[in-house]
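Participant: Below, each chain spelled out in residue letters.
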Amino acid sequence: MSRARPVRWGLVAATLLSLALIVALRARQPSFDEKTAPMPVAGTIGQPVQARTFSIKVKRVKLAHAYRVDGRSRGDPPREVAADGVWLSALVEAERSRSSGYVGAQLRTRDGRRFRAAPNGRPDLKGFNLTDTYLATGLPAGGAYFFDVPAEALDGATLQFFDGNGAPAQLDHLVDVDVGLDAPNVESLLAEAAPVLDLTTPGPAR
Amino acid sequence: MNDGTRTPAAPPGWWLRNRAWLVAAVVLGVLAFYLPWRINQRELDRQRPRTAIRAAMGAGAWSEYEGARWRIVRVRRETARIGAAADYEHPEATLLLVDFEVVPGADIDARRLDQCRGRLVDAGGREWEANLPPKLSTWMLRRGLDGSCGSRVVGGPATAVAGTPFAFTHVYLVPADVPLRGLSADIVFPPFTTRPKMGTFLRFGLPAPRG
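Same order as they appear, the protein sequences are chains H and L.
Just so you know, the first sequence maps onto residues 1 to 206 in the working numbering.
Just so you know, the second sequence maps onto residues 1 to 211 in the working numbering.
The following block holds chain H by itself, in its conformation from the complex (with noise of 0.2 Å):
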């Protein structure tokens, strides 16, 4: 007759204890995505901020629901350029530091929206809409970047900067700038907003 084998509790209970382990960290683990995210760097309104490849510097923020470019060729009267939503305007001095190329922006919205700049044609501001102008290094740039959202999504919105203008790259600087936009600023500068802001080149008409 076979004698039981006693069972060995404490080898089960620990046996137990580490696969529910392995589940909980595993279930926890962060995703590929997570792990190789784009690293921010916070930074605030009138403040430079250095990243890996390029220092920005956001020194204010405007909204118009319209911009006033000069024509296309010379001699043409001046255009309107109307945002879907409304224009907000990031006056910047940007520096490429390391090596000569891009830097891109972008809107973060407080649920997480992102909205790119506008392209350098719209507002079409030569030299002065920063978004795909390339920098040489040690160059720095004064302009801006526009960008038309819906006004709605002010209201805790944050600017973001990065290399290149594609999108942030993993596992690099994404410079995230706090610019104010709360609720009673936002409402402030919507207030402020102008109906058609004035770009148009002061002087003679091209």
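Worth flagging that the hints you see were computed from the coordinates, not collected in a lab.
No experiment lies behind these values; they were computed from the predicted model shown.
The reader is advised that the hints may include incorrect statements.
Said to hold, decoys possible - Pulled from the structure, derived: some chain L residues nowhere near chain H, Cβ distances all over 12 Å:
hint, residue
1, Tyr34
2, Leu35
3, Arg50
4, Tyr65
5, Arg71
6, Ile108
7, Arg111
8, Gln115
9, Pro157
10, Ala158
11, Gly182
Stated by the list, open to error - Cross-link-like lysine-lysine pairs, in silico, DSBU-like; alpha carbons within 35 Å at most:
hint, chain 1, residue 1, chain 2, residue 2
12, H, Lys126, L, Lys135
13, H, Lys59, H, Lys35
14, H, Lys59, L, Lys135
15, H, Lys59, H, Lys126
16, L, Lys135, H, Lys62
17, H, Lys35, H, Lys57
18, H, Lys57, L, Lys135
19, H, Lys126, H, Lys62
20, H, Lys35, L, Lys197
21, H, Lys126, H, Lys57
Positions of the beta carbon are idealized from the N, C-alpha and C atoms, including for glycine.
Start from chain H and add chain L according to the hints.
Facilitator: Just chain L now, with coordinates in the frame of chain H:
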């Protein structure tokens, strides 16, 4: 004479008994680190030009690279008028013009040479790309300068021919206060195309500019 008192030989120790396994484990352990490292190095070479081939020193000295001979003929500098070379208003800047000559070998043609690009690096590791921003190319055309290593458009189309020197210029827009000491001008091909080793580039220490 055997008197029956000799002690039997001691059994071999653990290390000795397992020596074959131990040697195999050491070899596999080394390979487990070395092979991924080598694969990673190869991938980096494929992606980035990171192995410099130092150009021969001395005025007019030729250097072999990618089946051709290369040399710097002259380095000049000019003040960059604001708005002439970049679309944005920038502080005081300098245009550094590096005139090259290349003599293609028998195994390299103009199309391949046109894959070359220029890069300027200062002592601190900052980099500038040749003939950029895009507006600089327009400035070069106006000045009658060709920036491609294997073909030209200024003064009628022409291409580099094996055995014959072909001139081209790389122009760099740099801050006026960049110290010229320690600057290097690189000739770079797409890193995955260089032979026999991927990721090589030709590096010239810049002679003092004139003009």
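Participant: Next, verify each hint and record whether it holds.
Facilitator: Okay, the hints, checked on the actual structure:
no.: 1; hint: Tyr34; in the structure: holds (25 Å)
no.: 2; hint: Leu35; in the structure: holds (23 Å)
no.: 3; hint: Arg50; in the structure: holds (14 Å)
no.: 4; hint: Tyr65; in the structure: holds (22 Å)
no.: 5; hint: Arg71; in the structure: holds (25 Å)
no.: 6; hint: Ile108; in the structure: holds (28 Å)
no.: 7; hint: Arg111; in the structure: holds (26 Å)
no.: 8; hint: Gln115; in the structure: holds (19 Å)
no.: 9; hint: Pro157; in the structure: holds (27 Å)
no.: 10; hint: Ala158; in the structure: holds (28 Å)
no.: 11; hint: Gly182; in the structure: holds (15 Å)
no.: 12; hint: H:Lys126 to L:Lys135; in the structure: holds (12 Å)
no.: 13; hint: H:Lys59 to H:Lys35; in the structure: holds (32 Å)
no.: 14; hint: H:Lys59 to L:Lys135; in the structure: holds (27 Å)
no.: 15; hint: H:Lys59 to H:Lys126; in the structure: holds (20 Å)
no.: 16; hint: L:Lys135 to H:Lys62; in the structure: holds (30 Å)
no.: 17; hint: H:Lys35 to H:Lys57; in the structure: holds (28 Å)
no.: 18; hint: H:Lys57 to L:Lys135; in the structure: holds (25 Å)
no.: 19; hint: H:Lys126 to H:Lys62; in the structure: holds (19 Å)
no.: 20; hint: H:Lys35 to L:Lys197; in the structure: holds (33 Å)
no.: 21; hint: H:Lys126 to H:Lys57; in the structure: holds (20 Å)
Of the numbered hints listed earlier, not one is contradicted by the structure.
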